[in-house]
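So the sequence lines, in the order shown, correspond to chains G and P.
Those letters in the first sequence? Residues 1 to 426, by our numbering.
Those letters in the second sequence? Residues 1 to 293, by our numbering.
Hints are computed from structural coordinates only; laboratory data are not their basis.
Computed from a predicted structure; not experimentally measured.
Hints are all accurate, no fakes.
Taking lysine-lysine and the DSBU-like style, the derived pairs with C-alpha atoms no more than 30 Å apart in a straight line are: (1) P/Lys283 x G/Lys412; (2) G/Lys323 x P/Lys283; (3) P/Lys63 x P/Lys7; (4) G/Lys145 x G/Lys182; (5) P/Lys147 x G/Lys412; (6) G/Lys323 x P/Lys265; (7) G/Lys128 x G/Lys323; (8) G/Lys423 x P/Lys283; (9) G/Lys412 x P/Lys265; (10) G/Lys400 x P/Lys144; (11) P/Lys144 x G/Lys412.
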Amino acid sequence: MLPATTITNTERKNDSGLGSLRDLEMRWQTAKYRWELLTEQLQIGIRMKLFEYEAKSIAQNLGINTPRGAVASTSEEARDIHKRIGGEVVIKAQVLVAGRGKAGGIKFAGKPDETRERATEILNMTIKGERVKKVLVEQKAAAKKELFASIVLDRANRCQTVLASDQGGVDIEEVARQAPEKVLRHRLDPAFGMRSYDARLIALKLGYQGAQQGSFTDFLSNLYRLSVIYDAELVESNPVIEMQDGRFVAADLRVIVDDNSLFRHPEFQERSKEISSEVTALESKARDNGLAFVELDGDIGIIGNGAGLVMATLDLVRQYGGKPANFCDVGGGADAEHVATALQIIQGADKVKAVFVNILAGITRCDEVAKGIVDVKKVMGIKKPLVIRMVGTNQEEGRKILQSAGLTAMDKMDEAARLVVSKVAA
Amino acid sequence: MAVLIGKQTRAIVQGITGNQGSFHTRLMLDYGTRIVAGVTPGKGGTTAVGLPVFDTIAAALEKTDANASIIFVPAPFAKEAGMEAIDAGLSPVVIITEMIPARDSMILIEYAKNRGATIIGPNTPGIITAGESKLGIMPGDVFKPGKVGLGSRSGTLTYEIAASLTHDGIGQSTCLGIGGDPFTGLNFVDVLKLFRDDPGTDTVILIGEIGGSAEEDAANYIRDTKYPKRVAAYIAGRAAPQGKRMGHAGAIITGTEGTADAKMKSLREAGVLVAEVPSELPKLLLHQVSPLQ
Chain G
1 MLPATTITNT ERKNDSGLGS LRDLEMRWQT AKYRWELLTE QLQIGIRMKL FEYEAKSIAQ
61 NLGINTPRGA VASTSEEARD IHKRIGGEVV IKAQVLVAGR GKAGGIKFAG KPDETRERAT
121 EILNMTIKGE RVKKVLVEQK AAAKKELFAS IVLDRANRCQ TVLASDQGGV DIEEVARQAP
181 EKVLRHRLDP AFGMRSYDAR LIALKLGYQG AQQGSFTDFL SNLYRLSVIY DAELVESNPV
241 IEMQDGRFVA ADLRVIVDDN SLFRHPEFQE RSKEISSEVT ALESKARDNG LAFVELDGDI
301 GIIGNGAGLV MATLDLVRQY GGKPANFCDV GGGADAEHVA TALQIIQGAD KVKAVFVNIL
361 AGITRCDEVA KGIVDVKKVM GIKKPLVIRM VGTNQEEGRK ILQSAGLTAM DKMDEAARLV
421 VSKVAA
Chain P
1 MAVLIGKQTR AIVQGITGNQ GSFHTRLMLD YGTRIVAGVT PGKGGTTAVG LPVFDTIAAA
61 LEKTDANASI IFVPAPFAKE AGMEAIDAGL SPVVIITEMI PARDSMILIE YAKNRGATII
121 GPNTPGIITA GESKLGIMPG DVFKPGKVGL GSRSGTLTYE IAASLTHDGI GQSTCLGIGG
181 DPFTGLNFVD VLKLFRDDPG TDTVILIGEI GGSAEEDAAN YIRDTKYPKR VAAYIAGRAA
241 PQGKRMGHAG AIITGTEGTA DAKMKSLREA GVLVAEVPSE LPKLLLHQVS PLQ
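Pulled out of the complex, with its shape left as it was, chain G reads as follows (with noise of 0.2 Å):
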C-alpha cells in the first residue's frame, strides 16, 4: 500500500521533485493538526443532522449500496422486518447524538424474536437526552474489511475535503490522533469539485486496483454527489464495509445539512424545526422568541446585541469575578418587543440574581432598547437588580425615556460589568 500522505492538486503542483521524508512527516503533522480543526467544524452548532435511515434512503436513490433492512417504531415491526430479512441482523437506535454505540443503541439479534425483545429495550432508551422512537434492522453484513469515507466542507482550506482511512469501524478520531498518517485527506477543487480522477486517486492509495478500484471510485463519486445534491456540510461512512463479494456498501451513514441551504430543501424545512435535544428548557423558550441565546451555569444574567460584543460583555462579568447565567444575542437592529421578551424570559429565570443589558446601538437603536426595558417595568417589574449600559445611536432619546421611568443608562461597559458584579457579591 501507498504512504497515506496528503496530496492535493495544488500541492502537486508546486512540488519540484520527490518529497523527501521531513516533507511527509510535515504532511503528516499537518494532517493531524486539521484533522483537529474539522472535527471541532463538525460540531458548529444547532444543524440539520438527518437521521441514518433518513440519509440511507436517499443515498439508496442515489445508487450508494446500503445493507438490507427497514426502519420500525415498534418492537413488533422490527420482528416483521427480521422475519422478512432473515440470518443475523443489527438493530439500531435512530437518534441524532452521537455515541448511541457506547450507549448500547446498538445491539445484534439472531431471531426475529430476539429482534423483538432487542428493540424493546432500545425504543425504551433515551440517549444524552434524546428519547429513540425509531429502530433501524438491519442485515449483518459479511465484512472483509471495514473502511472510513468522509466528505466534509473544510473551512481553513475553503474548499470540501476527502478523509479517507483503510481503519473504518473504529473511533476515528482516535485514529487521526494515534497515527495521522493513516487518515488520507485529499482537497477538493472548489470551482469543479471531485473528478472521477480524484476518487480514484484515493481508491489507488487505500491499496485497491483493478475492478475494486472502480468500485471504489463509483462509491466515493456517489458520496460526493450527495453531498452537492443536499449542500451537505457533512457526509460520513463509518464503516464502509468492504463485502466478500467485492462490493462497497455504507454500513453506517451521517449526513449533516447546512442549515443555510434549507430554502432549496423544503423537505428539510419541518423537521429543522425539531428541537435538539441538547437545547435545555430556558434556551429552547428564548429561540422561540428569536434571541440567540445559550444557557450557561452562573447568576448574572446578560443581553446584548452582537454575537462578538455579548462575548466580550462575558468575559468582562468574569473578568471582575461574576458568573454568567446566559448568552443572549437580541441581534442588530433589534425592536422594543424582543428587548422586552429577553429581559422578561432572563429575569423570570431562578437561577438569574441580577441582570446585565449592554448596547452599543449601531443598526440597533437606543430609543428602542429602553421603551422594551421600560415595558418590561410596566408590565411585570423589574424583578432583580438590573444595570444598563447603552450608548450609540439615538443615545439621548433612549435615556429619557429610561429616566422617565427612573432608570439610568451608564456609558463604560467595564464600570457597568464591575458594578453588575458587585450586586450579586452584595
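We have chain G; now place chain P onto it with these hints.
Then chain P, alone, in the frame of chain G:
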C-alpha cells in the same frame, strides 16, 4: 493612505431597493462614500435614494464608472450577484448578506480568487476607511482618521473597540470585518498582508473570537515573516463553555484548539500585544511602542 477603499472608490449597491439596501445607502452617502448607482433586477430605469437603478451591473457600467460593489441581496441570490460584480471587474466586493449557503460562498470565493477580485464577507459589517469611504453598515461616527488598521470577525465589538480608540485619540486607517461565516473572502493573514504594504498604517489590531483557526494562522504568519508592524489583538469568548454555540457559526469551541486562551497564547508568543478586555487595547497602544522590544 489606506487599504482596499478610499476616495477613489466608486461603488454600486446591489440590492439598493430593499429595506437594508436603501437605508444603508443613505448612511453611506452621508458618510461621504461615492456611490454611483444601484442594481436591482427588474427595477432598471427607476431611481432609489436619488441614484439611478439598473437591471444589471453591465448596464450600470455603460453609464457610470463604478469600481467596487456592496451587496445586500437576499441569500439565495447572493452567489450570482457576487459573480456578476466580479465579472464586471469590480473589486472589492463587500457582501453584507448573511445566511448564504456555505457551498455558494465556497464557489464564489474561488471564483473571485481565480479572477483577482477581493471579497469582503459574507456576513460582514463591511469596510471603512476613516474620513474617506464607508462600504458597510457600521456607525461612521465612531471612527476617525489615523494609522491603526483593524481587522475583525465581529460587528458590534468592532464598533466598541473603534469607539474606545477614537475616544483615546487613536485614529484608524481602514477597519474591516472579515465576516462571521465559515467561508470568508479574507482571513486575518490576508488582512495582515494588506496592511503590511500600506504606508498609512503603522499598527494592526485583530479582533478575533473563539472557533476556527484564523487567529492561530495569523500568529504563525506574524512569527514566520517577522511582521514589520506593531500588532495588537483582543479575542472574545474566554467565558464561553465548550461545545456551545454563541450566535455565530464561527464561535464555537470543542477542545483546546480554537479556545480564546489558546489563541491568546499563540498570538502572545508571536509578539502580539494581547488585551485581556476591550478597553485595554488603547492603553496597550499608548504605552507600548513595539512588541519586539
